[in-house]
Structure formats: structure tokens, C-alpha cells
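Asker: Here is what each chain is made of, one letter per residue.
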Amino acid sequence: MTSPLMDIRGLTKTFSLPGGPLRRLTGRGPRKLTALNDVSLQIHEGEILSIVGESGSGKTTLGRALLRLEEPTAGEVDFRGQDLLKLSHVPLLAARRELQMIFQDPWSSLNPRLSIRQTLAEVLYVHGIATGARAQARIAELLNLVGLPPEAADRYPRHFSGGQRQRIGIARALAVAPSFLVADEPVSAVDVSVQAQIMNLLIDLRARLGLTMLIIAHDLSVVRYISDRVGVMYFGRIVEMATSDRIFSSPRHPYTQGLLRAAPRPDPSRLSTTVAIHGEPPSPLNPPKGCAFHTRCPWADARCRTETPALTELHSDHTVACHNHDQTTEFT
Amino acid sequence: MTETPIIPTGRLPLLGSSVVRRLIGQRGAMVAGAAILIVIIGASFLAPWITPYDPLDQNLRGGLKPPSWEHLFGTDNFGRDIFTRVLYAAKIDLSISFLCVLFPWVLGTILGALAGYFGGFADTLIMRTVDTFTAFPFLIMAIGVIAVLGPGMTSIYIALTLAGWSMYARIVRAEVLVVKRAEYILAARALGFSHARIIARHVLPNIITPTIIFAMTDIVLVILSTTTLAFLGLGLPPPTPTWGTMISEGKSFIFTAWWIVTLPGLAIVLVGISLSLLGDGIADWLRNRE
Amino acid sequence: MTLLLDIRGLTTVIPTRKGPLTVVDDLTFTLESGQCLGLVGESGSGKSMACRSLLGLVPVADSTTSGQALYKSNDLAKLSETALTKIRGREIAMMVQDAVSALNPVWRIGDQITEAMLAHGITRTRGEARSRAVALMRQVGIPDPENRLDDYPHQFSGGMCQRVVIAAALACNPQLIIADEPTTALDVTVQDQILKLLIALQRDLGLGLLLVTHDMGVVAQSCQRVAVMYAGQIVEIADTPDLFTAPHHPYTQGLLDCIPRLDTAEDSLRLTPINGMPPDLADLPRGCRFHPRCPIATEACREGPIPLRETAPGRLSRCLRAEDMAARTLARVSA
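Each protein sequence line maps, in turn, to chains A, B and C.
Residue numbers for the first sequence follow this note's numbering, so the first one is 1 and each next one is one higher.
Residue numbers for the second sequence follow this note's numbering, so the first one is 1 and each next one is one higher.
Residue numbers for the third sequence follow this note's numbering, so the first one is 1 and each next one is one higher.
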């Protein structure tokens, strides 16, 4: 087994919320919010790994922590033999050419004051990749790569639709020729008919450029087509990780099963009448003891309320963090 | 969606500009304001060719003469032609006022941007300084600084800059806090751009508009402040003509030779209205563009 | 089953700097009590504007709404503002898209639910209104309602806020609820809860529900009838099972083809997108608005306004080739 391209170990991110003078006086200290709780996973070269979760799951924090847009509180991220979290300024800049990100909101991910040409040229300039005529040629190449006409370069973001802006964002990320791309909810904010275009583009780019991708999403169905493996996050932890096939055909974590059942099926002949998961996610300021999902889980027992389950391996490439995973085999 | 600026930038209905706007329409108002201003500025630069008199030329026997064809605005108690002095004063007052908007704008923008972008200690330090400066009424601070530094051109610049920068800093900081959260800023960080580059190229251009809008209204207040300071004797020392000093010198003659006080005063009002019209027009245009 | 809404040719024009823009064009549909009609479209299709036009709530000054919008026997398009305020909240309740911003952050939850009751004279005293509010909160699944009446919106989660919005909508016993993307801003598991709650309430209380959404899955699971909107027009109306198995408009077919599914047998590696982009309402193509993106467009499609016509009993379509589509589906299914 070749070593993974990226090896994440024990990644943790805790936010301290300012408490105010009363908390300081009573000696309680600031409130803590743990967005990422001891997350470990490996990503192999050339694969597309999707991380799915709802709000509060920590998936966005995970993506940003890898690029050090949020500084993790603890953990290691090994990428090509270096721990990204320990890099100082200059080597970090070099590392940024390898790892790039595309963002969720097409309406705020581009500087409205810069033309597309200026946006892309700036990237090429800052990283010393190309200037002048060579830069212009590269810009034309990048636009072509994402399916935009070369005339697009001289226009401004406001002239483009949401889907086109996402493409521009992808072009910007690809300008540094990265080998690893994190896509933070790349299609959540665009229309359905455009989602397919963008997802297809990502599949194409992976094939043409040999990219490795981490796709963050809240919608399992959207990542089904594109992922090699899927990880499900809940409340700052990975609760299940498996190949795409297995996640969709035989999920074993109650939350994953709930997520799959909750998505409304576009099939009027198969009406779902029962609610998939009852209750609400617990407050991150007041995390439950034991398994974070026990407050909503139909299989929760005493052990679940006190002991946090670790990820156990069911098969090769299928891990699940549930004490009662032997009971969750029935799934339709 | 682009974030809307959170500082309400309403119109400053100064000096009857809203009346004018209703009479000749918004576009008309802006053009009128610009036209008046151009005429005044032009006249101030062309003064040596427009009037045959020297602003400092005294003629004690010809003093206190009312407006006539010889002396369009009359003469003051030293026999100096008031029309000439008003024109020469225009250049001085307008350039001082313009610079006294520019300097606070630059200083306030830089400090406000640093406070908003970096947050933390820089933010606290800068904003508490802003709070301190804001605690002083504008003119009191200006008067105090000039009192310490002594009257003169440089003192005026320093005084008005210190009195005025804090408002810009507040506006800029608020705008920066909003823009900072936009994803294109995050993208710039992910691409490894330096903070300097991000602030200069990505943050500032996106927050400049509200500051320009504010400056448009500020300039009228600054003109009034410079003339007030001059009136209080804290402006440029005589015999340099400035509108404020002219009014101050003429106040003892207000009943006997009304033109000495009134005509420079009218000049101030005219400039104020035209700047107000022009400023409102530009502010509206900028706001609609967003 | 009474006919609640009979909309014919509803058209809304808003003034813009570039001239008048028709954002809702020739809206035509019916809605009966106890029925849920889904209004499906992507962004810019005009579905939100359509809802607002019904209640005279178009957020643009000097907009004009023409056509007929019969609610029972009143033409909403012709009523004065005063008459409309009596209907809004009392007969027809509207739930706007973002629940959290629909609630006033400085008002208590209880007051927001009781406000409409007191304004419309449903209850006489505040005490009555409050106990009714508690009952409503229980009905929508908010735990411990007596104590939560006096909480503020920021103390509620997104899902709970949406439940409060539903309770407020039900406060005056309306006959019709217009829900504009009630679940879009929520997580999937909460979306599931809210949607099922809404449908159950609609069924139990015999209400009419106009459900606006962009999600075909939501429509399939909750609506008996569906209207598809594109570029300001309705392009197809049909009963839900019919629409999903045999659409009569290529846009509907395109929408169905490009949504990712969890349960299809064929594991296709690519989704089939709809090529191109929706048109700019200020610069519409001649003839059928969808024809530049349509895989089966012909010369005839570029000519003249295309009417919404009946292509089968109970089915309307704005496609000239609807019958060809029906025939092709039949061939595919029977093959």
C-alpha cells in the first residue's frame, strides 16, 4: 500500500468565545467550542474524497484547517513528507502552490473590483509563475480549462452568473497548478441545472490534471457521482468512512442512515412518511457526554451515553464509530 | 450578494441643496453645483487677470467705499479692494479645505483599515485612540491644537487633520469588518497573498466608496471650520486674505460698511451650496453604482 | 374540496433603470383546499415574485400587477391595500424564505405568534391569544412551549425558528398557506422534519398549500400537483406522478435528468446538465424562452409567444412538441 498523499492525525480545533468580565471574575474561563475533535484520515493520490455533514459538523473547519486558513489547536497534517501545520512563512507559501481551495459562495468569492484577467494575473505574479505575454497565454489556457471563452478575461464578476463565477474560482485555484484541491461546498449555492455542470467539470479536471480532491458537501446525493470514498462527520468527528458504493448501499452508522433517508427522493411513487432523524443537534457549547449522536439515536444505550465510540474497521476501507454497529445492518 | 455598507450615508441637506434639487432635478443640481464651483475655482486662479488690484494694496484715503463699478465689492477699512481679496482668499480657503479633507481621509483610512483587518490589539489600540479624539468637539480640538502650535498654515493642517481623522477611521473599520468576511479575502489568503497586498488590493478598493461619500459631506463642514477658525483669529495671520479673517476684520463695521462682512460671507455660502450640490450628486451616483 | 385559488394570466411588471421588466408572465393555475401545489423553478424563474404578486407584496415600488387572481370570489389583483391587509395573515398566510430573518429579533416569540391573532380579532384578550399560541407551538412540535413563549428568536435554532414561523402562519386559521422555500436554509435532517410537519398539518387541517421550491425531491414527496416555472412563465402543470414519469416539457425533462439521485440502479458516472444558462429577462429569446437550450427545438419554436395549452386532461404545457415528448416516453416505457 503506497503511502497516502495526505495523512491527517488528531486534528483538533477549539474556538474560545469571549466571555466577558463576569466569567473572568468567577474564574470559569472563556467558553470553548470544539469544531474539530481529533479527526484523523488519509487521502490517497488521485482520489476524490468527500466529507459530508450538516452545519456544526466541522466539515468547513476541516477544509480550512488543511490550508491553514484556520489554525488548528492540535494535530498533524502530513503532506508529501512535511507537516503543514509546522511550516513557517516561506515554506508555507511554497506549500500553497500545492494545495488550493474553491469556495462556496459564487457571489462573494471574487473581488468585484478586479477583472478576471487581473484576478488571474495577480496569482501568477505573486507566485512568480508568469508575467507579461506568458501570463496572458496562461490566463487563456485556464479559462479554456474551465469552459469559459477567452473574452471573459476582460469582464468583471458582476457580468457572470453563479455557475460561471464558480468556474472562475476554479480557474483561479488552478492557476498555481496545485496537486490537491479542497472544494468547500462547490455547488451548494448554484442552481440544480448548473450543479451538474460544475460536478462534471471537477470530474474532468481530475482526469486531465491528475488532481486529488477533498470535496466538502452537505448533500450526499451530490457527491455520489464524483467520490471514490465518502466520510460522514457529526459534531466535529468522523462517524463513518467508506468507499462510495458501501456508504450508499450499506451504511452502518445511524446518522449516515438517517441522512440518506432524510433527503427527499424525487420519486413520487416512493413516499417517505416517517421522519428520518428526530430532534436537533446538541449545542456545541454544551456537548453531550459519550457519543454526540446518542441524543437522537434509536439504538442509544447506556454505553453510548458515557463512552465516545472510536472508529472501528468493519471491512477494508469501511470504518464506523458506533458501539452498536452490529445492530445497524438493516437499511433500505 | 454584496454586503451593503452598514454606515447609513444619508443626504446632508445643507444650505438649501434639497430645495435646489427639487427645483431643477437631481442631475441639474449636480451640474449647477459643479458649474458654480468651476467658476469660483477658475476665478480664483485667474484672479491676477480678472482684477487690476493687488489684494494687499492699501489706500487709506479710499477706505470704506461701498460697491461701485470701480470696486465691485467695495473697499475695506484699509482701502483694499474687497472683490480682489475675496478672489485671492478663494484660492487659499479652497486649497486649505481640500487638503484638510484629504489628510484626515488618508490617515483615518489607514488606521481604520489596520484596526479592522488585524483586529485584536491593534484594533483596541487604534479604536480607543479614536474614542479619545472623538470625545473632543471638532472645533475645540482644532482651536486647542492651534493654540499650542501657534497660528500658521501648518498648524491649520495639523489641527484639522487631528480633529477630523477619527470619523474616517470609524467608517473604514466598520466597512473593513464586513469585507473581511467575504470569500475573496479568504481566497487571497489561501493563495498566499501578503497582508499588505490583501489590504491594498482587495480590501481598500471595496470600501472606498462610503468614504468618498462621507468626504463629500465633510468638505462643506471643513470649509465652515476653516473660516470659523480664521474668524476667531486662529487662521493665517494678516494681511493674507482669507474669508474668515475678512469677516472678522469687518465685524466692527457691520452697520456702517455692511459689504465688508456680507460679501465674503456670501462667497462662503455660495461655495458651501455648490459643494453640497456637487457632493450629494456624486454621492448619489456612487451609491447607485453599487 | 373548494377552489381556493383561480389564477389566470397574472402578470407583474417592475420598473427598472433599463425599462419595464416582466418578472411574472401569464401565470395560470388553480389550487383547491386540501391540496398541495408545488411551484418549482430555479433562481430567476419568478416563483418568489409570483407569490408576492398574489398578495400585493412585490418589493419594488411602482410595480404593476395585471390579470386575475381569484381567491374564492375575490380578485386579489384588484383589491385595495386595505382589503388585502384583511386577507393577509387571516385567510392567506405567507411564510417567507429565511425563517431566522422572518422573525423580529427584538420581539418575543409569543408576541410574534399572537400579533396576527390580535390584529385580526381572532381572540379577544391577550390571555386567550397566549394560550392559543402555546397550543400552536405544541402542534408544531416545539417542546416546553409554556416556558418558551417569552424567549427571543436568537435562543432558537434554525429548525425551531421555522416551526415558530409555521405556528405564526397558522395563528389565524388561514385557508391557504404560501410557503416560499420553507426548507432551503435548513440542514437536510431538519428539512425532513419541517417538511413532514407542514404536510401533516396541511392534511389534518384541510388547508391549501402553495409550496415554492427549487428541489424536485421536495415536490415529489409533498405535492399532489406541480407547476414548473422558467424565465417568469409557467411551462408545465401536471399531477405529480404524471410529471415525473412523463414530462410534457423539455425543461422539466432536463431538470429531472440532472438531479443526482441516491437510488438509481444505473451508476452513471456523469450527470446530464442542461446546457447554457437561463435567459436575461431584459433580453428574452424570440418565441419559446427555453429554445436556445432545448435539445428538441425546431424552427416553429422561435416564432411568436407560445401559449400554455392543455396537452392531456388536467395537464398544461407551453411546449409545441409536448405530444412528441409524450410519444417518446411511451415508446421508452413500453420497450
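Treat the hints as calculated values from the structure; they're not laboratory data.
Bear in mind the structure is a predicted one, so any value in this text is a computation, not a measurement.
Heads up, a few of these hints could be off.
Some chain C residues judged to face chain A by a derived CB distance under 7 Å, without partners named [said to hold, decoys possible]:
no.: 1; residue: Gln155
no.: 2; residue: Glu181
no.: 3; residue: Ala185
no.: 4; residue: Lys196
no.: 5; residue: Met216
no.: 6; residue: Gly217
no.: 7; residue: Gln224
no.: 8; residue: Pro241
no.: 9; residue: Phe244
no.: 10; residue: Pro260
no.: 11; residue: Met277
no.: 12; residue: Pro279
no.: 13; residue: Asp280
no.: 14; residue: Leu281
no.: 15; residue: Leu284
Just so it is clear, CB atoms sit at the ideal spot from N, CA and C, and this is done for glycine as well.
Asker: Against this structure, judge whether each hint is valid.
Answerer: Status of each hint after checking the structure:
1. Gln155: violated, 11 Å
2. Glu181: violated, 13 Å
3. Ala185: violated, 10 Å
4. Lys196: Cβ of C:Lys196 sits 5 Å from chain A, so the hint holds.
5. Met216: The hint holds - C:Met216 has a Cβ within 7 Å of chain A, the shortest such distance being about 4 Å.
6. Gly217: holds, 3 Å
7. Gln224: Not OK, violated: C:Gln224 not within 7 Å of chain A, min 9 Å.
8. Pro241: holds, 5 Å
9. Phe244: holds, 5 Å
10. Pro260: At 4 Å from the nearest chain A Cβ, C:Pro260 passes the 7 Å test, so the hint holds.
11. Met277: It holds, given that the least Cβ distance between C:Met277 and chain A is near 5 Å, below 7 Å.
12. Pro279: violated, 11 Å
13. Asp280: violated, 10 Å
14. Leu281: violated, 13 Å
15. Leu284: violated, 16 Å
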